[in-house]
Structures are given as structure tokens and as C-alpha cells.
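Protein chains in written order, with the numbering used here: chain A, 5 to 372; chain B, 5 to 372; chain C, 5 to 372; chain D, 5 to 372.
Any copy will do: because identical chains look the same in the list, a pair fits if it lies in one copy or spans two.
Below, computed lysine to aspartate or glutamate pairings styled on DMTMM-like, alpha-carbon distance capped at 25 Å:
#: 1; residue 1: Lys339; residue 2: Asp271
#: 2; residue 1: Lys39; residue 2: Glu65
#: 3; residue 1: Lys56; residue 2: Glu119
#: 4; residue 1: Lys276; residue 2: Glu246
#: 5; residue 1: Lys91; residue 2: Glu48
#: 6; residue 1: Lys244; residue 2: Asp271
#: 7; residue 1: Lys80; residue 2: Asp298
#: 8; residue 1: Lys236; residue 2: Asp135
#: 9; residue 1: Lys244; residue 2: Asp269
#: 10; residue 1: Lys336; residue 2: Glu225
#: 11; residue 1: Lys325; residue 2: Asp77
#: 12; residue 1: Lys62; residue 2: Asp308
#: 13; residue 1: Lys337; residue 2: Asp241
#: 14; residue 1: Lys39; residue 2: Asp298
#: 15; residue 1: Lys208; residue 2: Glu222
#: 16; residue 1: Lys219; residue 2: Asp68
#: 17; residue 1: Lys39; residue 2: Asp308
#: 18; residue 1: Lys110; residue 2: Asp60
If you're looking for bench data, these hints aren't it; they were derived computationally from the structure.
Number of protein chains: 4
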Amino acid sequence: MSNSTNNGSQKFLNSKRLKVAVLGCTGMVGQQFVKMLDGHPFFETAALCSSKNSADKKYQEATDWIVGGVIPDAVKNIEITDTSAKKLLNRDIKIVFSALPAGVAKTIEQDLTREKLCVFTNASAHRMELDVPVVIPEVNPDHLDLIDAQKNQNGGFIVSNSNCSTTGLVMALKPLLEFGLNSAVVTTYQALSGAGRNGVASLKILDNIIPFIPKEEEKMEQETQKILGSLKDTCIDKSKIEIIASCCRVPTRDGHLESVLVDLDQDIKPEKLSDAFRNFQGIPQRMNLPTAPDRPLIVRTEPDRPQPLLDRDAGSPERAKGMAVTVGRIRKKNKRLSFFLLAHNTIRGAAGTCILNAELAVAKNLIP
Amino acid sequence: MSNSTNNGSQKFLNSKRLKVAVLGCTGMVGQQFVKMLDGHPFFETAALCSSKNSADKKYQEATDWIVGGVIPDAVKNIEITDTSAKKLLNRDIKIVFSALPAGVAKTIEQDLTREKLCVFTNASAHRMELDVPVVIPEVNPDHLDLIDAQKNQNGGFIVSNSNCSTTGLVMALKPLLEFGLNSAVVTTYQALSGAGRNGVASLKILDNIIPFIPKEEEKMEQETQKILGSLKDTCIDKSKIEIIASCCRVPTRDGHLESVLVDLDQDIKPEKLSDAFRNFQGIPQRMNLPTAPDRPLIVRTEPDRPQPLLDRDAGSPERAKGMAVTVGRIRKKNKRLSFFLLAHNTIRGAAGTCILNAELAVAKNLIP
Amino acid sequence: MSNSTNNGSQKFLNSKRLKVAVLGCTGMVGQQFVKMLDGHPFFETAALCSSKNSADKKYQEATDWIVGGVIPDAVKNIEITDTSAKKLLNRDIKIVFSALPAGVAKTIEQDLTREKLCVFTNASAHRMELDVPVVIPEVNPDHLDLIDAQKNQNGGFIVSNSNCSTTGLVMALKPLLEFGLNSAVVTTYQALSGAGRNGVASLKILDNIIPFIPKEEEKMEQETQKILGSLKDTCIDKSKIEIIASCCRVPTRDGHLESVLVDLDQDIKPEKLSDAFRNFQGIPQRMNLPTAPDRPLIVRTEPDRPQPLLDRDAGSPERAKGMAVTVGRIRKKNKRLSFFLLAHNTIRGAAGTCILNAELAVAKNLIP
Amino acid sequence: MSNSTNNGSQKFLNSKRLKVAVLGCTGMVGQQFVKMLDGHPFFETAALCSSKNSADKKYQEATDWIVGGVIPDAVKNIEITDTSAKKLLNRDIKIVFSALPAGVAKTIEQDLTREKLCVFTNASAHRMELDVPVVIPEVNPDHLDLIDAQKNQNGGFIVSNSNCSTTGLVMALKPLLEFGLNSAVVTTYQALSGAGRNGVASLKILDNIIPFIPKEEEKMEQETQKILGSLKDTCIDKSKIEIIASCCRVPTRDGHLESVLVDLDQDIKPEKLSDAFRNFQGIPQRMNLPTAPDRPLIVRTEPDRPQPLLDRDAGSPERAKGMAVTVGRIRKKNKRLSFFLLAHNTIRGAAGTCILNAELAVAKNLIP
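Given only the sequences and the hints, what does the whole structure look like? Please build it.
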């Protein structure tokens, strides 16, 4: 990282905070955005938007808060508005965080970019579009360059984070690229919050596992290849790494656990893999971005870790809790290496990475 | 199956029932033995054995019944005895079902064989010994021949069923052998009952997944290769199929779910795999053994099956409930095929297969 | 019970079965009706009705079966129809079991009675109407006389069972009336299935208790007083017994547990209370109705019973599983007695009692 | 509160911290002590004691940390010692926090007092002894006077907090005394952590409720009467308020929920009760003790609160999280009032109140 960028970040911290809006503010991920943006050094939550049902209510009246702690004082009396670009622009908002459902996100987000708004979205609606980067700042920060084409066309742009189960996987695969990663077989244990607040009925999951999450396996496979792809001119050359995913919903509240088996060109020892994980860092760490964890990957050496209950909130400093991916049980079987990883699905797998993307964009002066 | 064997089975049904003992009768698997032996056409429960703590108590007083329904009338007043061969022999018992913990099983089971008793055990203590067959009757009934050597040496013999997570896997792999099975990657979601009645503290598993079960992965790998090995003279030539297992404990009561990815020589379609599963049958079906399910493998075509809650009791007729393995979500990815399977861990994965082994031994006139 | 009635029941068993319909057949209670009516000696399921969404689909295609076992063969291919009286009458149906949601039940059920249909309903819509009896056959069979007025007015009639949490309570209170019951304080631990298949989101209840169930406490209080009231001419003189209920939803699948404290006029010992429970029987037992449990109240003497997991399916014979209420931990504190009770909420607390009501009506020749 | 005491507290804060030991440091409550003492303004954890098994190991090696977050840096390398008074005295320790099991606590704690140590214990061993006060600082701080007699006899003393389910109840009953409290009927929903780390096997509680906790109901009844009793000379005149408790274990991790029904002399409105709860404060609040919550009782007005998941960590400031008791659903039925309350069982119901007792003793200059 060049000093100049770092200075840019530093400089920013001394100026006043950018106003942002949260779309889909009452849902699970929406609440996580609100929580993580509270007291944020770069951003100030200036608008909370939701569907017509909640519009005009105060945030604390419209919201069944479920993400821990209490609704931040700074936002609890904000009146929820509907998702119209005009209202956002009137309030001097440039950045929009979207936790909209995929269905409605498509049109709304696109409309906002035409009003020169910068949309950082957790919705899957635009992820597979050629000019929309799917970014994990520690992994493929250069993909942000794709937004130039969007800016030229629309004025604003969309940057997406990846699906909640993809993020942890890709972060763990990134440091393995140097050993010649050919394929990864991943099997998941995904928490209930990944399906949203009312997504899984209790009678369906108490004393049960559901071995199917619609479109999840496809997302994990396609998004991983896009994120690990290389930027060529104005498009991304997808990675050829084979990803085979099998996804299950399990009765845990938060934290996606994944069992991963990788085929590498090199015949390396588990210790080397372990070091590669431990030493992994990216631009967010070097730029010292507010939501970046000191260590993106934490390696646990106990025989029975990571566990959702014990490791989902991993990450320091305080603002980066839930942003670290925990890795453990690194084992070797012939030429293949296997391990478990755990990532907090609504923080690192959703709101947290989305905010980190915006921090990176700010630090790189990409916000018009 | 030759008619003669079938006649043997038939003939047996007309004669009187063999007296059997259950060792470790108060534990989870012990209870399952007691339950499945109730009203059994071949066997009559004549002795219930347990550790000194329970000895001399009536079964219903010593037992915290947890396997559903109520303690069978025929056994509830049986006085528990300790595990001494003399007492068993005095009661005219020839067959012993063992649900002993691995630690104590080693010596006790060996001692019993020296008294010419036939031990069918769920304990892992002897599984890796060269002359002890690990048998799933639908898969490797011929391995029962190994008991000749034991008989010659000791008078009695030990036959083991496989570990609870191995059984379902091997049953699903068996019909794939014809397509040239090279390797299987398996990731498990194992129920609490697999760890015994007090095996997992509630605070360790509520809202959690534990990605480690001691020795489980090794067992799955070694036992699978032994069971799928071929009998050569008096020993087993282990299969070369590579098995890579990753095992987790999940908060379900019963039923081990497994995600499996197989590499086959042949490039076959999912439908062909599905047919191979559906049509799979073994000797127990042809001999019409009492605890044999009509269909050892049931294929579900819904997008979200098998599920522990819905499929763990699969199997018909009534006596074979929990003896069928359910398979679903058969998918193809390049040359590899993946699917989920579910097996009831204390029935098909423990007591049920153990009883089926004894039924097979009886039908084949292997009990001295 | 007079011999003549008993003969009537006997006589019935020799004739052919009455055709019945199930309204709301795809829901939780609807499925329980379908399950309990399978092979019923009095009734034959001739029509399955549901909302327009499911209409015209085969039952097995429209239904996400969740009540254990599999969809009965006899009904799985029945085409679901909408809830129109004409269609039911065309099929020669006289009796309708309703598992409709309260909202739609009001009008639909009333319309059916005008077509001379006999509606046995689990819906709460009409329970508080003066001429609709809320009947638990062991407790207040005489309240069935209220249907005369309905018949005179409409041709058909509605008989309701009580709310799922009321039924167990009232059954346990009935034998206490002779000791001078003044009041009962009841606190509940209600299972998820009481809220319907999708009633409670998993994120709301995993690792949680919800101390509120809308309108439940009022229902328990009002219904108890109505059921324990005395029939005077054509109306019911409500009981003056004070009921104070506090209701919670807990993370169990089935079986409502209730903690009860009663004030009695007489100062009796726990043993006497225990005997009163144990010896309690009603008309269904004396008439030997198909769904009647031998013992409506089962007393457990272990220190830690009843438990939902172990006792919810109590009741014999087979057809009456889940129809017995289990009572335990009977304790005395000064002049007050306390105990716990457990009743299967979708069987004894819903479909089962509803069917038992119909059986009683048939046996008493009340079906026109 | 006199100014002098307050000054004493103030003065203390300027001097150096008192060295304390934690007995039973690896268990659930022991961990909670360690966590809450981290950075404590009055106390410094100078010794961690445990059974011989753990002795000589470093705390982080001996401890399976389960109370959230990570082991505090300041203690993770402390070597665990056995529980001998000499070692404690050598380290200049005056105050001992005990999380010992009741069985071993009796002798060990008594021995320590003879060495002039001040024992603040969560163990039940001495609670019913005449000269041992059971103190909740907001409720009966004057009972601390009982320690004089102990000091005279032994040099040191024992102060106990109440049982985890008693504490929340008594705190809610205290402000009702002014309305003439005659009796309270309480029914509990108690979390798993109340039984210790391995106290409840998962197979016993998943999908279940256990309506029995050994000795719990007796403790709630007796301790409440002792705590609400009045100090007369050197002994406590027990309260005559009748307490009737029924206790259940439920599948939640932390937080005991209780349903309470009270009989009052006065016929007051729910709003008045609500105000009495809301305005309740005690000496800890007035003295501004470090672990005292601003509001000991928090009243929630939503229809479905308190809930364990949402309210167990109630309390501010940060150090007092889990120290506030949440009350809700205040209802009136004739002359009786009912409500639900929730208290964190290992914080307010155990370690937290124990520490608050020690803070009070320090502030009152009762430590020799």
C-alpha cells in the first residue's frame, strides 16, 4: 500500500463523516448494517429505508430488533422513508447500503445508480452482471476498477459483496492460490440467520438438518470463480478452480461452518497451510480500515474448533468483531488438505464486508 | 441365494427361539437391542447384563428408557446380571449382543468367545483384528467366513457391525462399485445419540456444531476399506478406495446425515446412480430375514431430502423401521457425483445391523 | 352408561362407515385428523378440503407431511376440493372435521350447518357462542344436548373441542370437583406445533422462551369455565371456579406441559388426589369408543415426570396414543395442591378430542 | 445512605485494589467470576483455585472457557493452586469468591474463615445456617450485620448470595412489600447453565422440558423467607410470606424466566406495580457500587417480554450487564397480580450478586 493512500485514509478521518442510507433496514442484515454503522468514523446513518409498510414509522417502532444489544440511540427515532432516490439526494446522501431482498433489489438499486448514488449491496441481484464487481477487500480489491464503466454509463455504481457462505470460503482459499489450487470441495453447516428473520420455521429445523438451500450451491461455485478471477481490461476472467458445494441449514443462530477439502499442485504440509492462513493480510489491514480485522484468518489449534458458538464473533478490534474467519482442524490426506472454517454470516458474510467495501472505496477516493 | 438357505431360514421359524443376552443393556444402544429383540421370531431375550451398579436390579428400575415407547413387558422385570459367561451358559444362552463401551468390551467379549459363545457386537474394540469380520449383511455377507478361524481357536466367535457413521456410507457405496469407485469424500452431520445417553452436554451443543468426533474419521476410513475388501483365504484384502471423512456432531436426536462426493471411472448420469441405489438388494432381502428392510436404500426425489427428522425411521416392514438408508439430492458435477444419505445411527448404525448379522448367522447355520 | 348405548356402539361397528370430510387438511391439525381417521372403524375420509391454492391437487402433492410416519395410502391420491357444501353433499358426507384457521372458520362452518352438515371443529371461532357446546367427552358429554337448538334452527350443528392448552387442564380438574375446587393457577410450557406449521420462526425460539401467546390465557380461563359449567335448559351456567393462566411458548415440538396449583375446600392428601386422577373415567371409556384411551389420566410417580418427549404419546390402545393426559409431581403446600400435567396438543388438544366428540355423537345417535 | 460511607467508597477507589481468590475457577460460575473481576476497580484476581486435577496448570490450559468472549489476558497464565488457606494468605489475599460445588464447599469455606478470610460464596452449603447471611445488596443489606458474630467466633466470615432462581424473585418481591405481600406462586423456566457446564445431557433436554430440579423449590421457598426476614439482634426473623414454587429446566443457555402471581393486601392497579418496579433502587445504586446496575428492575411494556434471549444481558453500565432483572406482562386478575421476570442466572443469580456483596462489604469497611 502506498503512503499516499494511507494518507488519504488518515485525511478522511479528520474530515466530517459521509451521510449514508440503509435500504431494507428492518430485516436481519439491515439491522446488522445499522448496528455496525453506529459511531462509524467514516459514515453517518442519515436515512433508513424500508418497504411501504414501515415507512413513516420511527425505526424503533418498526423494528423487531434481533441482532443483540439494543437499537443505537442515534437512529432509534429516525423516521423510516421509502426507497426513493429523491429523498436520499435531498439529504445529501451519496452512499447507500442495501439489504434489500433480491427480488426488489434489481430495479431499485439500478435506479439509484442512475441518480449517481454509490450502492454497496448485499443483495444477489446484480452479482453475476459483467460490470458489477463482487468484492471481498482482502481478496480482490482490484475488481473495484470495474465501477469505472458503471460510472461512465450511469453516474453511480453498484458494488456487491458475496453470498454469506461464499465469503468465508474465498477468504480461506485466497492464501492457497500460491500452492496451485485446483479444486475445493465444500460442505456447509449454515446458520438460521442466513435465511432471514422468519426464513426457517422452528418445526422444520428443531431436531433436524435440511440438506438444501435454494441456489446456494450455485452461488458458492459461480461467485468464487468470479472473485478469484483476474481483472483483464474491463472484465473479469473467471478462475478455473473447480468448486463443488453441498449446503445444509442447521439449527444454529449465527455463523456458517464449512468443511473444505482442497487439491493443490504442491505437496505441502499442514503446518505450511496453517502459516499461510495465519499470515494472510490484505489491503484493508494495510490501510487500517475501521472495520478490518487485524487478522482476517484466525487459526485455532484445539482439536474441536472452530465452533459457531465460540468463534462467530472472532475479530479485533472491537469494531471488527465477527469480521475474522476462523480456521481449524487442518489435516492432510495423501495429496489433499482439509480443514473447517467458520464465518459470521450476517457480519463477515453480509453487512460487514459490504461496509468494508465502502470504506475501501472511500479510502481510494472512488466516491464521486 | 440358493433355495436351500432360504429353506433353512424357513425351517428355523418353525422351531423354538434361541436364547440371547444383551450386554450393556441400560445404555442407548443396549436399549435399542432390547427394543428390537422384543417379539423377535428368532431370538428370546433371556439375560440382561450390565455393570455392577445395575446388577441385581430389575431392568425397569435400572433403566432410564429413552428410545421411544415403553420398556417391553417381557423384559421389564428381568433381573440384571453382571457379565459372566457362567451365568449365561447356565441359562442356555448361545448368542450375546454386546453394546459395551469399547474400553471394557475388549476383554469381556474375548472371554465369552472362549466359552463358545457367539458374540455379535457393536463395540469397536475388535473391529480391526484380522480374524474379526465387520459385517453389513447386504454388503459383505461372505466375510462371515472369517469366524471359522475364530471357532477353531476359541470355540466361539465375534462378529462386529461397523461404526454408526460407516454403515450408511458403505451401504450407499456398495452399488457404486460396478461403476468403478475410486474415492469418496464424506462430510457428516451426526446425531447426539451417537455419543451415548450422556455423551454431549447440552451447553456444548445448543446453538452449536462441534466439528470433531474422536477417532470417527479414522474409523470411517479404515472400516469402509475393510468391509469393501475381498475375502482371500482367511483374511481380507482391503479395498483401495480412498475415503476422506470429516465428522461433526449436530443438535439432532437421531439419524446421521452424510454428504458424499464420489469419483467414478465411468461417466454415468444421476438417473443411473439413482436406479443403482433403488434396485440394490442383498442376501437379507433374498432370505427375507426378519429385520431386513424390503429396500435397503430408499431414494427420495424431493429437493430437500433426506432429513433426519423425516427419514430416520425409514424401512418396512414394521420390524425393519430405521433399517433403510435414505438417499437424495443426487447431483453431477463434471465427472463427480454427489448425494446426501441418512441412516438411523442406533438402529441401522448399531443394534439393527448387529441383530441382522445374527439373523444371517442363524439362517446360514453358523451358530454351533 | 346404559347397555343400550353400548349396544348402539356395537351395532354401529357392524354397519358401514360414515363418510367424512376434513377441512384445512394440509395444516398441522388437518394432517393429524387425516392420520387419526385412517382405518377408523366409524369414519371414512371421503373428502379433503383446503384453500384455493391446494384445490385440485392430489393430497400427497399439496401436503408437506409433518406429523410422523407417512401419508396414509387411502388418502394420498384424493384430490383436494374447496370448501363448498354442495360438493360435500354430493359425496354423501354428513360429518365434517374442521381444522380451519379461526378467521375463515366462522363463515364457512356456519354455512355448512345450514346444509344440515354436522361440523366437529377445532377452530375457536364459535366456541363462545351460547348454543355451541365445547365438549371433552370425558368431562361434559351432556353439553352435546346444546346441539338440539342448533339443529332446530339450522338443520346441522357445530360441536367444538377446546383450545389445545385448555383440554389437558380441564381433564385434570374434573376429578377434583368433588373436593370443592375453588381456583386453579396454571402456567404453561406450550409446544411449537400449537402455533401451526409455520407459526414460530426458528430465530425467535431457539435458545429462548416467549412468555406470550395471543389470546391463549383468556381462552384457557373462559373455556374452562364453560366446559365445567352446568347445562340448564338450553344454556350453560358457567362455573365460578377461578382460573388464572400464564402461557409461554417453548422450544419443544409437541406436548403442552402445564404447572397447576389448585385451591380445594377439602384438605386432602396428595395420595387421594393421585387416586382421583388414576381412577377417573368417563363415557368414552364406558362406551369403549375407538379413540378413547383406557385411562384418560395417567399418573407418573417418578420425580421428574411428565416430560413432553417421554409422555406426549401416552395412551392405549394404539388408536388412542396421545389421547391420555399424564399427571405427575403431585405435591401439597399448606392447603394447596400442585402438580404438572402434559397433553399432546395436536391429538388430545385438537384432532383427537374432535374425533372423540364425533364418535360420541354417533354412538348416541345424534347424527341425523 | 450516609455521606461517610459514600466517601469511604470514593476513598477506596483511589487506593490500591484488594487481592482476591476465586475457588472453583474452571466451572461455569467460576468463569463468570473471573470474567466479571477482570479490570474490577476494587479487586485484583491474585489466585485461582480448583480441584487437584487442574492444580499447577495454567488457567487457560485447564479451562474450557464457555462464558463468552475470551479468557482475560491478566489471568490466562495464572497457575491454578489447590484450595489451601496458607497459599492464599501468603499471597496477601483477604477476600475469597467461592464457586465450589455444595458438597466440598461446606468444609473448605469454614476452614478459610478460621484463617480470617472473608468468603463470599455462591455455594448453598451454609445458606441456612443461622449466622450466615444470604444477601442481595438491593434487598437486605442490613443482614450483613450477621457477620459480626462470625468474626467474633472465627476471625473471618461467610456471606452467601441466594440460589440463582431465588435472586430474581426476591428482587421483584421487595418493592411489593409495601402493598402487603401475602404470598407468591412462582413457576420457573430455568436455563441449562444453572445446572453447570455438564449438568444436563443434550439428549435429556433437546425437544423437551424437565419439570424437576432437585431441591430447587425448597431453596426458593426457604431462601426467600430468610432474605425477606427482619434482622433482630443477632438472628433473622423469617418472613411469613408464603412462597409456592414449581421449577422446570428448559432448553435455553442462560437466563431464568419466572412466572409470578402475587396476593397483596392492597387492591392496586398494574400501573402502580409497574411504577414500584421501575423506581426500585437500593444501597448499591446509592453508593454507586461498580457492579450495581442503574436500575435493578427494568420494566418492559411490549406484550411478549421478558425473553431470555433478548433480556438476559440487561443492565447498565457495561460492568453491570446481566445484573438487572427484567419484568413484564404485568396483569391483574381480581385481587391478584401476575407478571413474568427474567434474571441472568450466572450473573445476577450467582457471580454478580456475590461480587456486589463484596463491594458492599468493602464500601462499608467490613473487611478486616
